[in-house]
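There are 2 protein chains.
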Amino acid sequence: MNFLEERILKDGIVKEGNVLKVDSFLNHQMDVNLLDEIGKEFHRRFADLNITKVLTIEASGIAIAYAVARCFNVPMVFAKKTQSINIDGDMYTTEVESFTHKNRNQVIVSKRFLSSEDKLLIVDDFLANGCALQGLLSIAELSGASVEGIGIAIEKGFQYGGRSIRNLGYRLESLAIVESMDAATQTIVFREQ
Amino acid sequence: MNFLEERILKDGIVKEGNVLKVDSFLNHQMDVNLLDEIGKEFHRRFADLNITKVLTIEASGIAIAYAVARCFNVPMVFAKKTQSINIDGDMYTTEVESFTHKNRNQVIVSKRFLSSEDKLLIVDDFLANGCALQGLLSIAELSGASVEGIGIAIEKGFQYGGRSIRNLGYRLESLAIVESMDAATQTIVFREQ
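Residue numbers (our numbering), protein chains in the order written: chain A, 1 to 193; chain B, 1 to 193.
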């Protein structure tokens with residue numbers, strides 16, 4: 001079991017409806033030492049790639065993206081969510097659905113910060129149905145940048161996001177893949193990797 | 001002139017309507033080495049305080065808060081913005097107006113992550129009218145935590161946020177205070193500190 005899986009077992013809380021709360025250390029209150037470790041681990045796993053930028057989406061991806069980007073010593077870019085429909089022409093734009101908030105947002109990245117020269121590592125804290133990640137992949141495609149790898153802290157293995165993105169041929173690595181969880185017993189089972 | 005003022009002169013863009021765009025290095029694309037330097041500088045300035053947590057607000061405050069919190073080796077907490085009106089009882093809640101987006105948001109922090117034991121350093125990327133900061137101060141007050149210091153990357157000195165918060169007696173330090181700026185000539189004048 002790796003450091004993140006251990007931490008999830010220690011401090012994660014399983015709620016009804018397949019909700020895993022990790023807000024005491026990963027996406028509301030944040031443990032800076034854990035973030036540093038996550039950054040180092042993704043750097044170790046993707047060190048063979050010539051990454052030029054780390055891309056994520058606001059808000060909770062930002063800290064992880066920074067942790068990773070500082071290990072690669074490259075800039076990080078975060079896509080912004082907006083509900084405004086008047087996006088000016090210097091933005092790459094796509095639309096994503098939010099599983100948590102049950103709404104749709106425009107996701108935007110300035111054209112100045114992604115180009116066909118870029119080799120991207122996309123990172124995020126969670127992967128469930130993959131809506132946010134599909135949005136980032138669309139943005140990358142619009143820019144012509146190549147997506148060299150995708151690093152996720154926690155993947156819900158029983159939802160289809162991870163499978164569908166791996167099926168597209170992307171190199172996707174998740175530090176912890178939750179195979180099943182149970183709110184009544186607070187049991188969390190991880191996929192063997 | 002310090003490292004941040006130099007960077008603003010080099011890469012900041014002044015737009016009509018007193019808008020200073022620093023999105024190439026601070027709040028859309030982020031320079032990780034600059035963030036590291038900002039973290040170290042705030043740690044140096046507030047090293048005399050016995051900080052237990054760093055508090056900020058999503059989204060662009062998150063990276064700076066992490067940079068600072070890792071220097072203090074304490075957790076960071078980011079307040080979330082939400083438009084939902086059904087906030088459950090375990091949240092500290094306040095309402096803030098957004099200068100940029102011209103709307104109002106609920107700002108929330110889980111009660112589990114702030115208490116009267118905490119000595120807070122509040123950080124954010126920008127201070128203009130101070131609406132977001134007033135929201136964080138309200139949240140801190142609701143929790144009983146003491147606000148030991150406030151660290152801002154860029155303050156618009158010609159707007160009233162900084163003055164009103166200093167008048168309340170808070171120890172507020174901004175790395176760069178813009179006294180005036182001009183879109184036609186791309187001139188930026190900083191306050192001598």
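No lab work stands behind these hints: they were computed from the structure. There may be inaccurate statements among the hints.
Restricting the straight-line Cα-Cα distance to at most 20 Å, the calculated cross-link-like pairs of lysine to aspartate or glutamate (EDC-like) are [stated by the list, open to error]:
id	chain 1	residue 1	chain 2	residue 2
1	B	K111	A	E97
2	A	K80	B	E5
3	B	K21	A	D90
4	B	K81	A	D90
5	B	K119	A	E97
6	B	K81	A	E97
7	A	K80	B	D90
8	B	K15	B	D36
9	A	K111	B	D11
10	A	K21	B	E58
11	B	K80	A	D90
12	B	K80	A	D23
13	A	K40	B	E97
14	A	K111	B	D31
15	B	K40	A	D90
16	A	K15	B	E5
17	B	K40	A	E58
18	A	K119	B	E97
19	A	K81	B	E58
20	B	K21	A	E58
21	B	K111	A	D36
22	A	K21	B	D36
23	A	K119	B	D36
24	A	K40	B	E5
*Has the given pair, K40(A) with E97(B), been kept, meaning a C-alpha gap of at most 20 Å?*
38 Å, violated
*Does D36(A) lie within 20 Å of K111(B) when you go C-alpha to C-alpha?*
25 Å, violated
*Between K15(B) and D36(B), does the CA-CA distance stay at or below 20 Å?*
27 Å, violated
*Under the criterion that the straight-line Cα-Cα distance not exceed 20 Å, is the pair K21(A), D36(B) satisfied?*
29 Å, violated
*Are the Cα atoms of K119(A) and D36(B) separated by 20 Å or less?*
With a Cα-Cα distance of about 23 Å, the restraint between K119(A) and D36(B) is violated, given a limit of 20 Å.
*Hey, K111(A) versus D11(B), does the alpha-carbon distance stay inside 20 Å?*
Holds: K111(A) and D11(B) sit about 16 Å apart, inside 20 Å.
*Hint consistency between K40(B) and D90(A) [alpha-carbon to alpha-carbon, up to 20 Å]*: 34 Å, violated
*Decide if the proposed pair is consistent with the structure: K80(A) and E5(B), CA atoms, cutoff 20 Å inclusive.*
Judged against 20 Å, a Cα distance of about 25 Å means the pair is violated.
*Quickly compare the C-alpha distance for K15(A) and E5(B) to 20 Å and report which way the hint goes.*
Roughly 47 Å between the alpha carbons, so the hint for K15(A) and E5(B) is violated.
*Is it true that the CA of K81(B) sits at most 20 Å from the CA of D90(A)?*
Between K81(B) and D90(A) the Cα gap is close to 26 Å, so the pair fails against 20 Å, i.e. violated.
*Keeping to a limit of 20 Å between CA atoms, is the pair of K21(A) and E58(B) held or broken?*
18 Å, holds
*Would you check the hint for K40(B) and E58(A), treating anything up to 20 Å between C-alpha atoms as holding?*
Given that 20 Å is the threshold and the Cα spacing comes to 24 Å, the pair is violated.
Going through the hint list in order, the structure does not satisfy hints 1, 2, 4, 5, 7, 8, 11, 13, 15, 16, 17, 18, 21, 22, 23 and 24.
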